[in-house]
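Let the sequences and hints guide you as you build the complete structure.
Chains as they are written, first to last, in our numbering: chain A, 1 to 333; chain B, 1 to 333.
Watch out, some of these pointers could steer you wrong.
Any copy will do: because identical chains look the same in the list, a pair fits if it lies in one copy or spans two.
What the hints assert, rightly or not - Simulated pairs of lysine to aspartate or glutamate, EDC-like, Cα-Cα distance not exceeding 16 Å:
1) 86 to 46
2) 156 to 278
3) 59 to 132
4) 14 to 106
5) 59 to 97
6) 21 to 228
7) 14 to 231
8) 86 to 231
9) 318 to 107
Keep in mind that the hints were calculated from the coordinates and are not lab data.
Remember, predicted model here, so these are calculated numbers, not experimental data.
The lines below spell out each chain.
There are 2 protein chains.
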Amino acid sequence: MNEVISLAHGNGGKYTRILIKELFYKYFDNEMLLDGQDAAVFENLEGKMAFTTDSFVVKPIFFSGGNIGTLAICGTVNDLVVSGAKPLYISAGFIIEEGFLLNKLEEIVKAMGKACLQSGVKIVTGDTKVVEKGSVDGIFINTSGIGSIIDEYEIKPIESGDKIIVTGPIGEHGTTIALERYDIKLKGNFKSDCAALTPFIEKLKGHFSSIKIMRDPTRGGLATVLNEFTEFCRLGIHLFEEDIPISAEVMAANKLLGLDPLYMACEGRMVLVVKEAESQKILESIQSIDQGKQANIIGEFVKEPQNIILIENYFGGKRVLSSLESNMLPRIC
Amino acid sequence: MNEVISLAHGNGGKYTRILIKELFYKYFDNEMLLDGQDAAVFENLEGKMAFTTDSFVVKPIFFSGGNIGTLAICGTVNDLVVSGAKPLYISAGFIIEEGFLLNKLEEIVKAMGKACLQSGVKIVTGDTKVVEKGSVDGIFINTSGIGSIIDEYEIKPIESGDKIIVTGPIGEHGTTIALERYDIKLKGNFKSDCAALTPFIEKLKGHFSSIKIMRDPTRGGLATVLNEFTEFCRLGIHLFEEDIPISAEVMAANKLLGLDPLYMACEGRMVLVVKEAESQKILESIQSIDQGKQANIIGEFVKEPQNIILIENYFGGKRVLSSLESNMLPRIC
Chain A
1 MNEVISLAHG
11 NGGKYTRILI
21 KELFYKYFDN
31 EMLLDGQDAA
41 VFENLEGKMA
51 FTTDSFVVKP
61 IFFSGGNIGT
71 LAICGTVNDL
81 VVSGAKPLYI
91 SAGFIIEEGF
101 LLNKLEEIVK
111 AMGKACLQSG
121 VKIVTGDTKV
131 VEKGSVDGIF
141 INTSGIGSII
151 DEYEIKPIES
161 GDKIIVTGPI
171 GEHGTTIALE
181 RYDIKLKGNF
191 KSDCAALTPF
201 IEKLKGHFSS
211 IKIMRDPTRG
221 GLATVLNEFT
231 EFCRLGIHLF
241 EEDIPISAEV
251 MAANKLLGLD
261 PLYMACEGRM
271 VLVVKEAESQ
281 KILESIQSID
291 QGKQANIIGE
301 FVKEPQNIIL
311 IENYFGGKRV
321 LSSLESNMLP
331 RIC
Chain B
1 MNEVISLAHG
11 NGGKYTRILI
21 KELFYKYFDN
31 EMLLDGQDAA
41 VFENLEGKMA
51 FTTDSFVVKP
61 IFFSGGNIGT
71 LAICGTVNDL
81 VVSGAKPLYI
91 SAGFIIEEGF
101 LLNKLEEIVK
111 AMGKACLQSG
121 VKIVTGDTKV
131 VEKGSVDGIF
141 INTSGIGSII
151 DEYEIKPIES
161 GDKIIVTGPI
171 GEHGTTIALE
181 RYDIKLKGNF
191 KSDCAALTPF
201 IEKLKGHFSS
211 IKIMRDPTRG
221 GLATVLNEFT
231 EFCRLGIHLF
241 EEDIPISAEV
251 MAANKLLGLD
261 PLYMACEGRM
271 VLVVKEAESQ
281 KILESIQSID
291 QGKQANIIGE
301 FVKEPQNIIL
311 IENYFGGKRV
321 LSSLESNMLP
331 RIC
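Structure follows, in structure tokens:
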């Protein structure tokens, strides 16, 4: 194999086949993919299914806690999990810049293979395009995913009094990417929270009747997910700032940069709206998983003021958490 | 809506939602998409299913016969059709350069909506990323697709004597893109063959027991598909040059440019390997459809020479049609 990706790796001919066989098949080893046809074929799945897609364009491509490959698998897996589905099959579409280092590509593909194993999914179909130098910034990856919805899970209407749970400290992915992208050196262990949410789905399925909605707060962070909730339920939200899990480091870094961690992307967290009566039990279930140890109830839905998210601080002061209009900083994930 | 795409259209906040609601929902109108969740949900499908993905990076974005949006739908639909599937659900992932004109995006999205209607598929889930100016060349689109395999269609072993059918003139997409990309003005009506292959699937399902394999000759063209066939069946192929449908214009343009239409991409053609005994009947079925009027039997599988494709011209001269190694010309589709 050459040392860099060339246009010939993307022309559908001999070098494309070498790339597929020597690299992708090595790390994405499974019968369905090795079939080598234009489409993967799978047997009928019972019940409802979920289907989702996401493109990954993160810069830097490699960061503390993962790389674009880890993100591409976890991101799509997580979109399925928050739909109440067991993630099953993933497609992977690569757009690679001519001249991209083959060993970097291998590192990404290896991370994807590992993330697949950890989250129990298979990459069953793929596509690789190579574009001229300058036509794309390094590598972009699209993953689409199919999952099988567990126990007929459904989104339910949110009511006043429903509680909001987050499964762990927020803003870690966004903050890490921002610091690394702009080469800002701060003391502290900044690391993306990038991880599959699959461990939660088994624990939560017993509580599905009390779970109104689940979401992963990626782009736009926790604040954006909460704003979407208020938009379709016509209630308000009352948050308690001190109950929102944020590490001291992430808080300090954001203060220093003039940013707000509530708008920073997470890549391994989930936000749940649950019935008040069951909220404590659900919280305990989540906390029983390693990834969920720092989970907390961060607030609740209220009738007034409608559509407004109020966040109350330690001293009782309140501010409005609005929808993200422009960018806090150049796109980071 | 602003006149150009800005980074705020991709931050997951207010402007992303405006883009989704005012543009995507307008042209991709269907219940499942309008649900607005992270994943689309559909009921259980009976039988086997096919799943495929493809990224589209064509330059120019707009060309005679279609645009990148038409291609993104037809390409994925066609990958499902050649797998013996009825195409059903499509995901659309957009990666757009900051500053891209909104009316150009609308034209692309409109073409996608039209291609969906024509081929009977629904875009049920999507994703939009906006990247900084210079990070991507205009717009890239990934589509993944799910289809329901008809009558348990399966690929069957190719045997000596099996006939090869193409459903129409080859090389039209690749030649059109090459001419437009390099601004080469030639007399003649050059137009991409970009179209969904869905009309064929209904006609062909009665012949499935006699169809060994179907493929759409996109990247790398007819020659690449035939080389893939010989690779896994260990037979040779004998082609008759005069039986291969190629328009006089496409032939002349390729001669002038020093290119070979057999390696040029098609985006609305299918190659079929069929049992000799049924080949004439299958050809007639294909020719009964408008898109298939110029279909022809172009050659057959032979025992010797193994793995070699020989193409015989009008005068009995033979040449070897090898696998594409480097590029005939810079990537064009």
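Task: Alpha-carbon proximity context of residue 59 and residue 97, limit 16 Å - done: both (14 Å within a copy, 15 Å between copies)
- [ ] Evaluate residue 21 and residue 228 at a C-alpha cut-off of 16 Å and name the case that applies: within, between, both or neither.
- [x] Close across copies (13 Å), not inside one copy (43 Å); limit 16 Å.
TODO: Could you place residue 14 and residue 106 in one of the four classes (within, between, both, neither) given a Cα distance threshold of 16 Å?
DONE: neither (19 Å within a copy, 37 Å between copies)
- [ ] Go through the copies and call it for residue 86 and residue 46: within, between, both or neither, with a Cα cutoff of 16 Å.
- [x] within (12 Å within a copy, 19 Å between copies)
TODO: Classify it for me, residue 59 with residue 132: is the Cα-Cα distance of at most 16 Å met within a copy, between copies, both or neither?
DONE: Answer is between; shortest inter-copy Cα gap is 11 Å, intra-copy 19 Å.
Task: Intra/inter-copy verdict for residue 156 and residue 278 if alpha-carbon distance must be at most 16 Å - done: within (15 Å within a copy, 55 Å between copies)
Task: Homomeric proximity label, residue 318 with residue 107: Cα distance no greater than 16 Å - done: neither (46 Å within a copy, 45 Å between copies)
Open item on the list: Please sort residue 14 with residue 231 into within, between, both or neither, judging by C-alpha distance up to 16 Å.
Closed with: between (51 Å within a copy, 11 Å between copies)
TODO: Tell me, please, which holds for residue 86 and residue 231 at an alpha-carbon limit of 16 Å: within, between, both or neither?
DONE: neither (27 Å within a copy, 37 Å between copies)
The earlier numbered hints that this structure contradicts are 4, 8 and 9.
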